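Going line by line, the protein sequences match chains H and V.
Note that the numbering used here has the first sequence beginning at 208, numbered continuously upward.
Note that the numbering used here has the second sequence beginning at 208, numbered continuously upward.
Hints listed in this document are in silico derivations from the structure and should not be mistaken for laboratory results.
Remember, it's a predicted structure, so these values are computed and weren't measured experimentally.
Hints may be right or wrong, so weigh each one.
[What the hints assert, rightly or not] Straight-line C-alpha distance at most 25 Å; calculated BS3-like pairs for lysine-lysine:
1. V:461 - H:498
2. H:444 - V:620
3. H:446 - V:618
4. H:414 - H:439
5. V:615 - H:446
6. V:446 - V:492
7. H:616 - V:456
8. V:311 - H:613
9. H:613 - V:616
10. H:498 - H:240
11. H:414 - V:439
12. H:446 - V:291
13. V:533 - V:492
14. V:456 - V:439
15. V:212 - H:498
16. V:414 - H:613
17. V:311 - V:334
18. V:616 - H:444
19. H:414 - V:620
20. V:461 - H:414
21. V:618 - V:247
22. V:291 - H:620
23. V:439 - V:414
Protein chains: 2
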Amino acid sequence: MSQLKGNLMFGQSGGPTSVINASAAGVFLEALKHSDVIEKVFGAAHGIVGILNEDFYDINQEDPAELELLKYTPSSALGSVRYKMADPAKDETDYRRLLEVFRKYNIRYFFYNGGNDSMDTCNKISKFMQKSGWEIRCMGVPKTIDNDLFGTDHCPGFASAAKYLATSTMEVFLDATVYNNTQITILEVMGRNAGWLTAATALANMKGLGPDLIYLPEIPVDLEQIRQDIAKVFEEKGKVIVAISEGVKTTDGKFLPELSGEVAVDAFGHKQMGGTGEVLATFLKDNFDTKIRTIEFSLLQRCAAHLASSNDIDEAFEAGAMAVRKAVEGMTDHMIGFQRAEGSEYKVEYITIPLDKVANTERKVPREWINEAGNQINEHFYEYALPLIQGEPARPLEDSLPRFAKLKKVKYKA
Amino acid sequence: MSQLKGNLMFGQSGGPTSVINASAAGVFLEALKHSDVIEKVFGAAHGIVGILNEDFYDINQEDPAELELLKYTPSSALGSVRYKMADPAKDETDYRRLLEVFRKYNIRYFFYNGGNDSMDTCNKISKFMQKSGWEIRCMGVPKTIDNDLFGTDHCPGFASAAKYLATSTMEVFLDATVYNNTQITILEVMGRNAGWLTAATALANMKGLGPDLIYLPEIPVDLEQIRQDIAKVFEEKGKVIVAISEGVKTTDGKFLPELSGEVAVDAFGHKQMGGTGEVLATFLKDNFDTKIRTIEFSLLQRCAAHLASSNDIDEAFEAGAMAVRKAVEGMTDHMIGFQRAEGSEYKVEYITIPLDKVANTERKVPREWINEAGNQINEHFYEYALPLIQGEPARPLEDSLPRFAKLKKVKYKA
Numbered sequence: 208m209s210q211l212k213g214n215l216m217f218g219q220s221g222g223p224t225s226v227i228n229a230s231a232a233g234v235f236l237e238a239l240k241h242s243d244v245i246e247k248v249f250g251a252a253h254g255i256v257g258i259l260n261e262d263f264y265d266i267n268q269e270d271p272a273e274l275e276l277l278k279y280t281p282s283s284a285l286g287s288v289r290y291k292m293a294d295p296a297k298d299e300t301d302y303r304r305l306l307e308v309f310r311k312y313n314i315r316y317f318f319y320n321g322g323n324d325s326m327d328t329c330n331k332i333s334k335f336m337q338k339s340g341w342e343i344r345c346m347g348v349p350k351t352i353d354n355d356l357f358g359t360d361h362c363p364g365f366a367s368a369a370k371y372l373a374t375s376t377m378e379v380f381l382d383a384t385v386y387n388n389t390q391i392t393i394l395e396v397m398g399r400n401a402g403w404l405t406a407a408t409a410l411a412n413m414k415g416l417g418p419d420l421i422y423l424p425e426i427p428v429d430l431e432q433i434r435q436d437i438a439k440v441f442e443e444k445g446k447v448i449v450a451i452s453e454g455v456k457t458t459d460g461k462f463l464p465e466l467s468g469e470v471a472v473d474a475f476g477h478k479q480m481g482g483t484g485e486v487l488a489t490f491l492k493d494n495f496d497t498k499i500r501t502i503e504f505s506l507l508q509r510c511a512a513h514l515a516s517s518n519d520i521d522e523a524f525e526a527g528a529m530a531v532r533k534a535v536e537g538m539t540d541h542m543i544g545f546q547r548a549e550g551s552e553y554k555v556e557y558i559t560i561p562l563d564k565v566a567n568t569e570r571k572v573p574r575e576w577i578n579e580a581g582n583q584i585n586e587h588f589y590e591y592a593l594p595l596i597q598g599e600p601a602r603p604l605e606d607s608l609p610r611f612a613k614l615k616k617v618k619y620k621a
Numbered sequence: 208m209s210q211l212k213g214n215l216m217f218g219q220s221g222g223p224t225s226v227i228n229a230s231a232a233g234v235f236l237e238a239l240k241h242s243d244v245i246e247k248v249f250g251a252a253h254g255i256v257g258i259l260n261e262d263f264y265d266i267n268q269e270d271p272a273e274l275e276l277l278k279y280t281p282s283s284a285l286g287s288v289r290y291k292m293a294d295p296a297k298d299e300t301d302y303r304r305l306l307e308v309f310r311k312y313n314i315r316y317f318f319y320n321g322g323n324d325s326m327d328t329c330n331k332i333s334k335f336m337q338k339s340g341w342e343i344r345c346m347g348v349p350k351t352i353d354n355d356l357f358g359t360d361h362c363p364g365f366a367s368a369a370k371y372l373a374t375s376t377m378e379v380f381l382d383a384t385v386y387n388n389t390q391i392t393i394l395e396v397m398g399r400n401a402g403w404l405t406a407a408t409a410l411a412n413m414k415g416l417g418p419d420l421i422y423l424p425e426i427p428v429d430l431e432q433i434r435q436d437i438a439k440v441f442e443e444k445g446k447v448i449v450a451i452s453e454g455v456k457t458t459d460g461k462f463l464p465e466l467s468g469e470v471a472v473d474a475f476g477h478k479q480m481g482g483t484g485e486v487l488a489t490f491l492k493d494n495f496d497t498k499i500r501t502i503e504f505s506l507l508q509r510c511a512a513h514l515a516s517s518n519d520i521d522e523a524f525e526a527g528a529m530a531v532r533k534a535v536e537g538m539t540d541h542m543i544g545f546q547r548a549e550g551s552e553y554k555v556e557y558i559t560i561p562l563d564k565v566a567n568t569e570r571k572v573p574r575e576w577i578n579e580a581g582n583q584i585n586e587h588f589y590e591y592a593l594p595l596i597q598g599e600p601a602r603p604l605e606d607s608l609p610r611f612a613k614l615k616k617v618k619y620k621a
């Protein structure tokens, strides 16, 4: 192992989660232990854009107790960003600028925390730095409620969102079935291409309080088939709860909101430009003489740290800390991932996956975990997801409200 | 005190809350202690309609441990109803039928759990029974997240909804301000006529993570004024969080969704029939070149038992138990209410209020608790609401998901 001395830069990217800051805590608290090789620890303001703009925080000035509180603080404490780096084969401008900043601040450790796009960014940066001869250890730290990163059993952030969705679905079930009249309730869940989050509402079915029907992006939908599915449940029970992913597509490959123009003009007479749930509700209104209510979990599902899973927090923290340890040991160009240990008890083993294998490959819900009709989730998913959501974190409170981390966020000036 | 022997009928009515079943637990567990006078305990299926249809559950057959779990189980375990009794001066049909059922099942204790409309129902029934000479003790048990019942400091259900709203607002604040671009986030909160719930989002301001602007039904709004308010914050911070009650009315006395027809034709060119938040978002889209996101807390705010306040649970339980004790002692025709004890420490004293004083009188947020501009809440509200949301209940879990009460719900047959 070759020792590499220098400074560390960490950035957060993409949609935040309940536990993304737990990974930041893992990176920071571990990095601060390695002051023999990691001299300064920086946190980029708004990810890669903060580095390009030399806009970053001096983490050495933070109170370690507040860094610890990051474990229970949702959203990206350093600020996030959605910035697509150009293909370096076509345009090296951003990469040259990054190299300039890395040289100026002697950045020898670069850690990027995010989902598919962010791992792609991390991969491109890693490869460019290799090519340019700037010795640096680039590591990806996984994060996404979408749970769709390749090569890892699951992704930090998913479990807490899943726990929030399962719990809220159980609660909504009780509310939505309380009156002595009929009702259709539509739950719209995030997930543009993969149905992991929507599937999580099925955990409520384990307790008898879940959706009657579940539609994922993995299975193309047909509105008429959905109507028939709902009609069947409606006839039997009078109350129907449907969970639908915002990312479901029709057999023609269209998102439901894309249909609304068509729907308005050709078939159903409505002018509607809402989300997926609203489009479905509008369609159903012509077919069912009953109250129809759409609940969009919206941002709530990705920031509800008050229902985080301890397993998720611990793993997110460890993923960050592990990335630092691996890099200090000499590793570069990899993302930390999880593998389930053998045995009946749930235990995670930390693995490393080459960044170019991770970048831009999406992992979907296996077909065998979805029923044949494509409208319900089966026990394979329960076995997979239930261990992930376990454990109640000792989240600190003040006046019975969350006590989130308060960082000083001192900007570093060279 | 005159002893009255017979059976007890309890019904739940109106919109459910996180703690409405805690009052049911209070009524049932206390009533079961008084088997010397209360022989059988019944729970009406879907409130008053269940009584009219002789459709009710035999609570004596329930496991007391499950009745205890009702404290942590949201929504109305017996089923709720929205049924407006006729004015008995005009049509006595329902009241005569109730009397028939009360006679048939020897109902001598009648307890009704609900908000304004339900207390009106309870009052009418009480007065009719008095007139008819059927000796019965009728008591109202308060319940409403809207917190607008007259004569009581606050209402069971409000505090837990307020805690959920404050916590979720803090979490959404962190998420909605995470990117390095501008954004307007609209939070739509329940409350048709009173702004208590919307005001609860202001508790997040105590932690620096609350809405910039808050609009309640108590203050008529003007869309152009809201636009100006938002523009001011937007210019300064680039990110604006607005909490708005579904029940805000314009200076012309119209709900925002009622405007959408007008808005489409005369002024803003949109065809929109969404909720209040969506109408505001549509209006703002023409005025701000930025991302605008609406989050509707919908049913989530009234059934989120996972964030209930212990104070709320305890008080809801006690309100039910107290109603039984008072009735056994000879009281009738009253609702249980809360009064804050003198002294700096929060403590509640239970009071009784004549039903005819409560019925159909609404309590609003005092004008002095709202800032002069009518777009923010001040410290008077914090002092009022903060004690109410205190305490984390030891809610039972199973697989890290809620373990809600499982009632047998055995139908009683005479």
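ask   = Where does the structure disagree with the numbered hints, that is, which hint numbers, in rising order?
value = 7, 8, 9, 10, 11, 13, 15, 19, 20 and 22
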